[in-house]
Amino acid sequence: MLKVTDLCIKVHEKTTTDTLVKDVDLYMDRGDILGIVGESGSGKTMTALSIAGLLSRHDMEKSGEIEFEGINLLNVERRVLRKLQGNEISMIFQEPLNSLNPLRKIGWLVEESLRIHTTLDKEERKERALKALRDVELDNVEAIYESYPHELSGGMRQRVMIAAAMIIEPKLLIADEPTTALDVTIQAEIVELLKKINRERNTAILFISHDLSLVNTLCENVIVMQNGLVVESGKCSDIFNNPQEEYTKKLIAAIPKSPF
Amino acid sequence: MENVLEVKDLYVKFKKDKKPFYAVDGVSFEIKEGEILGLAGESGCGKSSLSRAILGIIKKNVTGEIIHYTKRPQMVFQDPAGSLDPGKRIGFILEEPLKIQGGFSKEERAAEVMNMLHLVDLPEEILNRFPDELSGGQRQRVCIAAALMQKPKLLIADEPVSALDVTVQSQILELLKKLHKELNLSVLFISHDLRVVYNLCDRVMVMKSGKIVDMGLKDEVFFNPKDPYTRILMDAARTKYVKN
Amino acid sequence: MEVNKNKRIKLILGITLTGIIFIMLLLGIIKTPYDPMEMSSELKLTGASFKHIMGCDQFGRDVFSRILVGVKETLIVAGAVVLIGSFFGTILGTITGYYGGILDEILMRITDAVLAFPSILLCLLIISLLGGGRNTLILALGIAFIPSFARIIRGEVLKIRSLDYIYSVKLFGASDLRIIFIHIIPNLKKVLLSTVLIGFNNAVLAEAGMSYLGMGVQPPMPSLGRMLSEAQTYIFTNPSIALFPGLIIVMMILGFSLLADAVSDLK
Chain A
1 MLKVTDLCIK VHEKTTTDTL VKDVDLYMDR GDILGIVGES GSGKTMTALS IAGLLSRHDM
61 EKSGEIEFEG INLLNVERRV LRKLQGNEIS MIFQEPLNSL NPLRKIGWLV EESLRIHTTL
121 DKEERKERAL KALRDVELDN VEAIYESYPH ELSGGMRQRV MIAAAMIIEP KLLIADEPTT
181 ALDVTIQAEI VELLKKINRE RNTAILFISH DLSLVNTLCE NVIVMQNGLV VESGKCSDIF
241 NNPQEEYTKK LIAAIPKSPF
Chain B
261 MENVLEVKDL YVKFKKDKKP FYAVDGVSFE IKEGEILGLA GESGCGKSSL SRAILGIIKK
321 NVTGEIIHYT KRPQMVFQDP AGSLDPGKRI GFILEEPLKI QGGFSKEERA AEVMNMLHLV
381 DLPEEILNRF PDELSGGQRQ RVCIAAALMQ KPKLLIADEP VSALDVTVQS QILELLKKLH
441 KELNLSVLFI SHDLRVVYNL CDRVMVMKSG KIVDMGLKDE VFFNPKDPYT RILMDAARTK
501 YVKN
Chain C
505 MEVNKNKRIK LILGITLTGI IFIMLLLGII KTPYDPMEMS SELKLTGASF KHIMGCDQFG
565 RDVFSRILVG VKETLIVAGA VVLIGSFFGT ILGTITGYYG GILDEILMRI TDAVLAFPSI
625 LLCLLIISLL GGGRNTLILA LGIAFIPSFA RIIRGEVLKI RSLDYIYSVK LFGASDLRII
685 FIHIIPNLKK VLLSTVLIGF NNAVLAEAGM SYLGMGVQPP MPSLGRMLSE AQTYIFTNPS
745 IALFPGLIIV MMILGFSLLA DAVSDLK
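Protein chains in written order, with my numbering: chain A, 1 to 260; chain B, 261 to 504; chain C, 505 to 771.
Just chain A, with the same shape it has in the complex (with noise of 0.2 Å):
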C-alpha cells in the first residue's frame, strides 16, 4: 500500500544544506502498524510529514519516491494530493490543542474532511459525526459535538482528533507523537484505541514516537533513525531483544527500567 524508496529531504539555507532526511525506505501493507523511533532531530516527523503530503514545496529539495497506492505522492499534482489528504490518509498530532481551530465546535471540526470530500448534507453529516465521536469511546456526545476544544480535557481532545481523522475511514493514520503531551492513564487509553482501531478496521498505522517502550507494545515493525538515516529496521520484538547496531543498543539501554 504505502512504499517509501530512498527519500530523501534537504533544506538550503544560504550556502549550507542540511540533509533532514537521507535514503529512507519503508514499507507498509493494510493493517500494519509501523513504529519510527528516534531522538530529537532524527527526521522521523520530517518522514511522516513528507509521507502525509505536508511539507511545503519550495524551500524543501526532495527526491526519492513515495509510493501511495500505486501513486508517487512526491510529483503527482496538487489536487489529486488534496483528494488524497484526509481522505485516504489522515494524520494526528502531539498537542490536540494547536490542531483543533479554537473557535470551531467539536461537531464542525470532526465534520471537516465530510465537508470536503464528500457531498453529504447537513443531517447525515451531523450523524456521521456522532458516530464517529462514539467510535473513540466518548460519552454524551451530543454534547461534546456542541462544544469547543478548550472546553475538553488533554485526553477528550486526542480523541476528537482521532475521530476527525477516522470519520472518512482512511486507509492510512500518521499518529505523531500522539499520546506525549498526555498523562500516563491517558496515554494508555489512547493506546488502546488506536489497536482497536487497526484492529476493527484494518487501518494501517504509522506510529512516531521517541519512546521506545511504547512503541514495543504497540507496533509490529519499527524503524530506528538517528541524524535522518535509518539506523536499524524490522520487527520489534527481533530488535529489541537483538539489536544490531550500537545505536539501537544505546537507546535501549537508556529506557528506564520497569519495574512492571
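Rather than coming from a laboratory, the hints here were simulated on the basis of the structure. Please read all numbers here as calculations on a predicted model, not as lab measurements. Incorrect hints may have been included.
[As the list claims (entries may be wrong)] Here are the simulated DSBU-like pairs of lysine-lysine, each with C-alpha atoms no more than 30 Å apart in a straight line:
| no. | chain 1 | residue 1 | chain 2 | residue 2 |
| --- | --- | --- | --- | --- |
| 1 | A | K105 | B | K275 |
| 2 | A | K22 | C | K509 |
| 3 | B | K348 | C | K663 |
| 4 | B | K319 | B | K268 |
| 5 | C | K555 | C | K514 |
| 6 | B | K478 | B | K441 |
| 7 | A | K235 | A | K62 |
| 8 | A | K195 | A | K105 |
| 9 | B | K437 | B | K478 |
| 10 | B | K359 | C | K663 |
| 11 | B | K348 | C | K674 |
| 12 | A | K249 | B | K478 |
| 13 | A | K257 | B | K441 |
On the provided structure of chain A, position chains B and C as indicated by the hints.
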C-alpha cells in the same frame, strides 16, 4: 536519620472562576537526610505548586508549616533552556550563587566553579559559552551545577529529565544518583514517569488533586498500593510498558 | 532563501539611508558650504544651480546648508526625546512589571490617561506653560513618549519575571535590585533597541510636526519641519524648497524603519 525538611498541613489556595481552589490540600510529609523521595502524579495534581510553596516562590495564600532544618534548598527545573539566563556566559551563571552568598574571593570562586564542573562532568571550555550554544543535556548539567554551588543539603528536582531525549535522560539520572551518593544530598524528585521514580527513589508519594493519596517505600506503593487511584496509575503504566 | 534575501536588502538599504543622514549630520556640525542664516536679495527663490545645489529660499539662504543644520537640529531633538522616553520608560516599565500590585495598577492607569490624551495636545499644554523653544519641545515630547516605552518594557519584564531562571536566582538569595539590574535589564537589550529605533522615527515626525506648527526650533534656526512650514507659501511657485526637506524626512524615516526592522529580525 535526621529530617532535612518537614511539611505539616500545607495548603495552597488559588482562585479559579472566582471559587477558591486548593492546589495543595492538606499535605504533610518529611524528607530525611540523604534520601531520595519521589513525588509522582499527573498534570494538574498540584506537584509543582507544592514544590514552589516549599521553596517560597509562592508565598501568597500558603498556610501550614514548612520547616527547613538546613540551608535553603535549591531547585532544578524541567526546561533547562528557560532556567538559564540567556544573556550570560556559563562561567557567570555558575559564579552568581557564590557572589550572592558573599564571602568568597575571586580566586576562591573560580576554584569552586572548577570543582563543580568536574563533579558534573562538564568540560572547562563551556565556561565561555552562552546557554543557547549548549545541548539540552549540557544545559541541564549546568542547571544542576548552579543549584549545587551554595552546597544545599536538599535539592528539589521538578521533572528534570522530561524535556530531554531518552539517551540524555539516563545520563542525567546517573548524574543525580552520583551526586546523591557523593554529597549525601537529599532529593525531592518530581516526575510523571513511574519507571524513573522507581529506579531513582527510596520512598514514593503519589499525589492527586492536591492530596497525598499514597506514601511509603517504593515496592509497597508500586506493588501493593493502598489507594484505588494509585492502583489505576500503576495499571495504566503496566498497559503502556508491557507488551501483551 | 527568499526571506533571507529580503532581510539583507532591508539591512543594506537601511544602513545606506541612515549613513547618508549621518554624513549630513556630520557636515552640519563641521562646516556648511554657506552660512545657513545669511540672507541675500539677489538669490531669493533661485532654483538649483552648481553653486547652490538645492537652490535658495525666499530670503536667499542656501537650502542645502539649511538642510544640513536642520538635520542636526531635528536629530538633536529626536535623540533627546528618545533618550528621555526610553530612560524613564525603562525605569517605570521595569518597576511596574517587576513588582506588580497596586503600584503597577496606579502607574499603568496614569500612562493610560497620558496615552489616551492626544500627544499633540499634551505638548501644546506644556509649551504654553513653559514657553516655546527647542528645550521645551524636547521636554514636552519626551514626556509624551514615556508611556509607550513604559508599556513595551513592562510587557517584556512581565514575561522575563516568570521565567525559571529568575526563580533560580531568587532561590540563591539574590536581592530585587540585583535581579533587576543584572538579570532583567540586560535581557531587555533587543526589545529596547528596536523600540528606540521606532521611537526615533516617531520623534523625528513629531519634531517636524511641532516645528511646522511653529512651536519647536525658533527662527532663524532651521529644522526640517520649520523649513517645510516656511516653504508652504511657495509650494506652487517654487516647489523645490519644500521638496528637499520633505525628501530628507522621508529618507530619515525610511532608513530608520528599515534598520529597526532588520535589527528585530536578527536573532
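How the hints compare with the structure:
Proximity of K105 of chain A to K275 of chain B is assessed by CA-CA distance (about 28 Å); at most 30 Å being required, the pair is judged to hold. With a CA separation close to 28 Å, the supplied pair K22 of chain A and K509 of chain C stays within the 30 Å bound. As the CA atoms of K348 of chain B and K663 of chain C are separated by approximately 18 Å, the hinted pair is consistent with the 30 Å bound. Our distance criterion of 30 Å between C-alpha atoms is met by K319 of chain B and K268 of chain B, whose separation comes to about 16 Å.
Of the pairs offered as hints, the one joining K555 of chain C and K514 of chain C is violated, with about 35 Å between alpha carbons and a cut-off of 30 Å exceeded. A threshold of 30 Å between alpha carbons decides the hint, and for K478 of chain B with K441 of chain B the separation of about 19 Å falls inside it, so the pair holds. Taking the CA atoms of K235 of chain A and K62 of chain A, the gap is about 28 Å. The hint holds against a cut of 30 Å. A hinted pair counts as satisfied when its Cα atoms are at most 30 Å apart, and K195 of chain A with K105 of chain A qualifies at roughly 27 Å.
Between the alpha carbons of K437 of chain B and K478 of chain B the distance comes to roughly 16 Å, so the proposed pair stays at or under 30 Å and holds. Proposed proximity of K359 of chain B and K663 of chain C is supported: the alpha carbons are some 25 Å apart, at most 30 Å. Restraint check for K348 of chain B and K674 of chain C: satisfied, since their Cα atoms lie roughly 16 Å apart, inside the 30 Å limit. Restraint check: the Cα-Cα separation between K249 of chain A and K478 of chain B comes to about 28 Å, which is no more than 30 Å; the hinted pair holds.
With a C-alpha separation of about 20 Å, the suggested pair K257 of chain A and K441 of chain B falls inside the 30 Å cut-off, and the hint holds.
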